[in-house]
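> Listed below, chain by chain, are the residues.
There are 2 protein chains.
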Amino acid sequence: MNEKHLGKGSTNVPLLKGKLRLYSMRFCPYAQRAHLVLDAKKIPHDVVNIKLSDKPEWYFERNPLGKVPAIETESGACLYESLIIADYLDEKYPQRPLQSKDPMQKAKDRIQVEHFSKIPANLFKLFHGGGDDTFDAILTDLDLFEKELAVRGTRFFGGDVPGMLDYMIWPWFERIDAFKIVAPDRFVVPTDRYKKLNEWKEAMKEDDAVKITYITPEIHAEFINSIKTGNANYDILVK
Amino acid sequence: MNEKHLGKGSTNVPLLKGKLRLYSMRFCPYAQRAHLVLDAKKIPHDVVNIKLSDKPEWYFERNPLGKVPAIETESGACLYESLIIADYLDEKYPQRPLQSKDPMQKAKDRIQVEHFSKIPANLFKLFHGGGDDTFDAILTDLDLFEKELAVRGTRFFGGDVPGMLDYMIWPWFERIDAFKIVAPDRFVVPTDRYKKLNEWKEAMKEDDAVKITYITPEIHAEFINSIKTGNANYDILVK
Numbered sequence: 001m002n003e004k005h006l007g008k009g010s011t012n013v014p015l016l017k018g019k020l021r022l023y024s025m026r027f028c029p030y031a032q033r034a035h036l037v038l039d040a041k042k043i044p045h046d047v048v049n050i051k052l053s054d055k056p057e058w059y060f061e062r063n064p065l066g067k068v069p070a071i072e073t074e075s076g077a078c079l080y081e082s083l084i085i086a087d088y089l090d091e092k093y094p095q096r097p098l099q100s101k102d103p104m105q106k107a108k109d110r111i112q113v114e115h116f117s118k119i120p121a122n123l124f125k126l127f128h129g130g131g132d133d134t135f136d137a138i139l140t141d142l143d144l145f146e147k148e149l150a151v152r153g154t155r156f157f158g159g160d161v162p163g164m165l166d167y168m169i170w171p172w173f174e175r176i177d178a179f180k181i182v183a184p185d186r187f188v189v190p191t192d193r194y195k196k197l198n199e200w201k202e203a204m205k206e207d208d209a210v211k212i213t214y215i216t217p218e219i220h221a222e223f224i225n226s227i228k229t230g231n232a233n234y235d236i237l238v239k
Numbered sequence: 001m002n003e004k005h006l007g008k009g010s011t012n013v014p015l016l017k018g019k020l021r022l023y024s025m026r027f028c029p030y031a032q033r034a035h036l037v038l039d040a041k042k043i044p045h046d047v048v049n050i051k052l053s054d055k056p057e058w059y060f061e062r063n064p065l066g067k068v069p070a071i072e073t074e075s076g077a078c079l080y081e082s083l084i085i086a087d088y089l090d091e092k093y094p095q096r097p098l099q100s101k102d103p104m105q106k107a108k109d110r111i112q113v114e115h116f117s118k119i120p121a122n123l124f125k126l127f128h129g130g131g132d133d134t135f136d137a138i139l140t141d142l143d144l145f146e147k148e149l150a151v152r153g154t155r156f157f158g159g160d161v162p163g164m165l166d167y168m169i170w171p172w173f174e175r176i177d178a179f180k181i182v183a184p185d186r187f188v189v190p191t192d193r194y195k196k197l198n199e200w201k202e203a204m205k206e207d208d209a210v211k212i213t214y215i216t217p218e219i220h221a222e223f224i225n226s227i228k229t230g231n232a233n234y235d236i237l238v239k
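Protein chains in written order, with UniProt numbering: chain G, 1 to 239; chain F, 1 to 239.
The hints are simulated quantities; they were obtained by calculation from the structure and are not laboratory data. Errors might be hidden in some of the hints.
To be verified - Heads up, simulated DSS-like pairs for lysine-lysine below, C-alpha to C-alpha not over 30 Å straight-line:
| # | chain 1 | residue 1 | chain 2 | residue 2 |
| --- | --- | --- | --- | --- |
| 1 | G | Lys125 | F | Lys67 |
| 2 | G | Lys67 | F | Lys125 |
| 3 | G | Lys41 | F | Lys101 |
| 4 | G | Lys101 | F | Lys67 |
| 5 | F | Lys51 | G | Lys17 |
| 6 | F | Lys42 | G | Lys108 |
| 7 | G | Lys92 | F | Lys118 |
| 8 | G | Lys108 | F | Lys51 |
| 9 | G | Lys108 | F | Lys8 |
| 10 | F | Lys108 | G | Lys8 |
| 11 | G | Lys101 | F | Lys42 |
| 12 | F | Lys8 | G | Lys67 |
| 13 | F | Lys55 | G | Lys55 |
| 14 | F | Lys55 | G | Lys118 |
| 15 | F | Lys205 | F | Lys195 |
| 16 | G | Lys101 | F | Lys101 |
| 17 | F | Lys51 | G | Lys8 |
| 18 | G | Lys42 | F | Lys92 |
| 19 | G | Lys118 | F | Lys42 |
| 20 | G | Lys92 | F | Lys195 |
| 21 | F | Lys67 | G | Lys118 |
| 22 | F | Lys147 | G | Lys92 |
| 23 | F | Lys118 | G | Lys125 |
| 24 | F | Lys101 | G | Lys108 |
| 25 | G | Lys51 | F | Lys205 |
| 26 | G | Lys92 | G | Lys125 |
| 27 | F | Lys125 | G | Lys101 |
| 28 | G | Lys67 | F | Lys147 |
| 29 | F | Lys17 | G | Lys101 |
| 30 | F | Lys118 | G | Lys55 |
| 31 | F | Lys4 | F | Lys228 |
| 32 | G | Lys8 | F | Lys180 |
| 33 | F | Lys8 | G | Lys118 |
| 34 | G | Lys92 | F | Lys41 |
| 35 | F | Lys228 | G | Lys108 |
Said to hold, decoys possible - Listed next, the stretches of chain G that the computed footprint assigns to chain F, with coverage defined by at least 3 CB atoms under 8 Å from CB atoms of chain F:
| # | segment |
| --- | --- |
| 36 | 82-89 |
| 37 | 104-111 |
Idealized CB from N, CA, C, for every residue including glycine.
When you get a sec, could you build the whole thing from the sequences and use the hints?
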C-alpha cells in the first residue's frame, strides 16, 4: 500500500494468484474508496501505486483514461470509476454486504453519494484559489449530511456499522482537518454546526477498514503543499 | 404521457392505486431513460409532465433539485437521478431483467454509460453555439460505441434484445437526426463511419419500448427551435 509510485519507463508488477490488483495513488480520495471496500470486505488484493504526474505507458492498457483507481482480476479483466468498482466488489463478494438489501434504501444511499459529489468539486476549487463563496457552498452541503444523520438516528449512515455511503464519503472527511494546517486562518469549520458529523467522524476513525489507509492531517497537508509547489510528493509514506 | 405540462400554481394529480408515478418532461432525454425502463419491463405507471421553465411549487417536495425524471411510489417515497431510477426499477421488478447477472459485465456496461455522458454534455454545448471542435469530439466518442458494437458482435449492446446500456444511450440517438433539420449545413454525421451504430439505431426503432415514447426528428427539431426562441413549447404533442 505504501510502495513507491510507478512512473513512465517502469514495468508492471506481475499479478498474484488468488489476489485482485488495485491500482492506486496513496493520497487519492477516489482510490481510497476502493481500498475501503476491499478492506471492509477483507478481499485478498495487492496494490500498485501509479505516479499520476508521469503515468507508466502500460497503465493505459488497464485504464484508457489513465486515472486511479482501477482494479484488475486474476484473468486480466479491468474496471475503473470508483463507484462502479465499489458496487462491483459488493456484488461479486457477498461477505460483509455494504449496501441495503432493500432497493429503495440502496437507491436513496446512492442519491446521497451523488449529492456528495459537489463537495469534492468545491474542495478542488478551494485548493485552486476558491474563496469564501466556495467554502460556504461546502458548509451548506455538509448541512444536508448533518441533517441526514439526525433523520437516520444511527451511529453510521449504514446503521450500527459503516456501509457503502459511509465509505464513499469518508476520504474527504479524512482530508478536511488538513485545511486547518494548509490555510489556518481562512477556512474554519464551525464545529457546533456539525455535532453529529463530528461524532460520526470520530467513530469512523475507529473502524478497522478506515484505520488501514488512514493518513494524519499533518501528512495530508504535507502532500497538499507538495502539489502546490508543482512537484507532488507521492512517496511521502514510502519507508 | 402526452398530457399538458404542469407549472407553478398547479396542483398535483392524485397517485393511482397499484401504479408507480413518473414525473417527466416529454422532450427530456434523461426522463426518457426512465420511460424506456418502465415500458421495457411493463411496470404499471402513470406520468405527470413538469413544465421545467416554471416548476410547480409542490414538485420540490418530490425532488428538491426540481429536475426530471423522478418517480414516486404508492407510499409516497421518491427517487430521482435517471441512472439511479433505472437501477432501482431493474432491481425492484425482476421481470425482463435489463442488466447482466455477471457483476463484471454489468460493471463494464456501467462504464460505457459513464463514457457516454460526455456526448450529452457536448450536444448541449453544440446547441449553445459550440463549433466544429465540439462536433468532432462527439464523433470521436461515437467511434468508441461503433467499435464496442463490433467487439460484442451482437445486434444490441445487451445481446439479442436491448439491455440497460442500449436504453440509457438511446434518447440521444433519437435526437441526432434532428440536427440535420436544425442546422442542415453545419453538422453532418458521416454515415459510413458508423455502419454498426446505424444498423443498431434502425433495430432500436423497432423495439416495443422505444416505439412508445419515440418522437420524430421533425418534432424534436420543432421543440429545439422553440427552446432557441426562449419559449420552450413543452406541449407540442398535447392533443
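> Look at each hint and say if it fits the structure.
Here is how each hint holds up against the structure:
1. For the hint linking G/Lys125 to F/Lys67, the alpha-carbon distance of about 25 Å falls within 30 Å, and the restraint holds.
2. Only pairs whose Cα atoms come within 30 Å are accepted, and G/Lys67 paired with F/Lys125 is accepted, the gap being roughly 25 Å.
3. Our distance criterion of 30 Å between C-alpha atoms is met by G/Lys41 and F/Lys101, whose separation comes to about 21 Å.
4. Between G/Lys101 and F/Lys67 the alpha-carbon distance is near 27 Å, which keeps this suggested pair within the 30 Å criterion.
5. Restraint check for F/Lys51 and G/Lys17: not satisfied, since their Cα atoms lie roughly 57 Å apart, outside the 30 Å limit.
6. A hinted pair counts as satisfied when its Cα atoms are at most 30 Å apart, and F/Lys42 with G/Lys108 qualifies at roughly 23 Å.
7. This hinted pair checks out: G/Lys92 and F/Lys118 have alpha carbons roughly 28 Å apart, not beyond 30 Å.
8. With a C-alpha separation of about 25 Å, the suggested pairing of G/Lys108 with F/Lys51 holds against the 30 Å cut-off.
9. A C-alpha spacing of about 27 Å is found between G/Lys108 and F/Lys8, which places the hinted pair at or below 30 Å, so the restraint holds.
10. A C-alpha spacing of about 27 Å is found between F/Lys108 and G/Lys8, which places the hinted pair at or below 30 Å, so the restraint holds.
11. For the given pair, G/Lys101 sits about 23 Å from F/Lys42 by alpha-carbon distance, which is consistent with the 30 Å threshold.
12. About 44 Å separates the Cα atoms of F/Lys8 and G/Lys67, which puts this hinted pair outside 30 Å; it is violated.
13. At roughly 47 Å between alpha-carbon atoms, F/Lys55 and G/Lys55 are farther apart than 30 Å, so this suggested pair is violated.
14. As the CA atoms of F/Lys55 and G/Lys118 are separated by approximately 23 Å, the hinted pair is consistent with the 30 Å bound.
15. Our distance criterion of 30 Å between C-alpha atoms is met by F/Lys205 and F/Lys195, whose separation comes to about 16 Å.
16. A hinted pair counts as satisfied when its Cα atoms are at most 30 Å apart, and G/Lys101 with F/Lys101 qualifies at roughly 16 Å.
17. With a C-alpha separation of about 53 Å, the suggested pair F/Lys51 and G/Lys8 falls outside the 30 Å cut-off, and the hint is violated.
18. Proposed proximity of G/Lys42 and F/Lys92 is supported: the alpha carbons are some 28 Å apart, at most 30 Å.
19. With a CA separation close to 35 Å, the supplied pair G/Lys118 and F/Lys42 exceeds the 30 Å bound.
20. The hinted pair formed by G/Lys92 and F/Lys195 fails the criterion: a straight-line CA distance of about 36 Å is larger than 30 Å.
21. Distance check on the hinted pair: F/Lys67 and G/Lys118 sit about 16 Å apart at the alpha-carbon level, within 30 Å; holds.
22. Taken as a hint, the F/Lys147 and G/Lys92 pair is honoured in the structure, with Cα atoms around 27 Å apart against an allowance of 30 Å.
23. This hinted pair checks out: F/Lys118 and G/Lys125 have alpha carbons roughly 21 Å apart, not beyond 30 Å.
24. Proposed proximity of F/Lys101 and G/Lys108 is supported: the alpha carbons are some 22 Å apart, at most 30 Å.
25. Simply put, G/Lys51 and F/Lys205 have alpha-carbon atoms about 46 Å apart, too far for the 30 Å limit, and the pair is violated.
26. Proximity of G/Lys92 to G/Lys125 is assessed by CA-CA distance (about 36 Å); at most 30 Å being required, the pair is judged violated.
27. Taking the CA atoms of F/Lys125 and G/Lys101, the gap is near 40 Å; set against the 30 Å cutoff, the hint is violated.
28. The suggested pairing of G/Lys67 with F/Lys147 holds, with an alpha-carbon distance near 22 Å, which does not exceed 30 Å.
29. Restraint check for F/Lys17 and G/Lys101: the C-alpha separation of about 25 Å stays at or below 30 Å, so the hint holds.
30. Restraint check for F/Lys118 and G/Lys55: the C-alpha separation of about 23 Å stays at or below 30 Å, so the hint holds.
31. The hinted pair formed by F/Lys4 and F/Lys228 meets the criterion: a straight-line CA distance of about 21 Å does not exceed 30 Å.
32. Only pairs whose Cα atoms come within 30 Å are accepted, and G/Lys8 paired with F/Lys180 is rejected, the gap being roughly 45 Å.
33. Restraint check for F/Lys8 and G/Lys118: the C-alpha separation of about 28 Å stays at or below 30 Å, so the hint holds.
34. Our distance criterion of 30 Å between C-alpha atoms is met by G/Lys92 and F/Lys41, whose separation comes to about 25 Å.
35. Proposed proximity of F/Lys228 and G/Lys108 is contradicted: the alpha carbons are some 35 Å apart, above 30 Å.
36. For the segment 82-89 of chain G, the stated coverage by chain F holds: 4 residues have a C-beta nearer than 8 Å to a C-beta of that chain, and at least 3 were required.
37. Proximity of the segment 104-111 of chain G to chain F, defined as three or more residues with a beta carbon under 8 Å from a beta carbon of that chain, is established by the 6 residues found.
Violated hints, in rising order: 5, 12, 13, 17, 19, 20, 25, 26, 27, 32, 35; the structure is consistent with all others.
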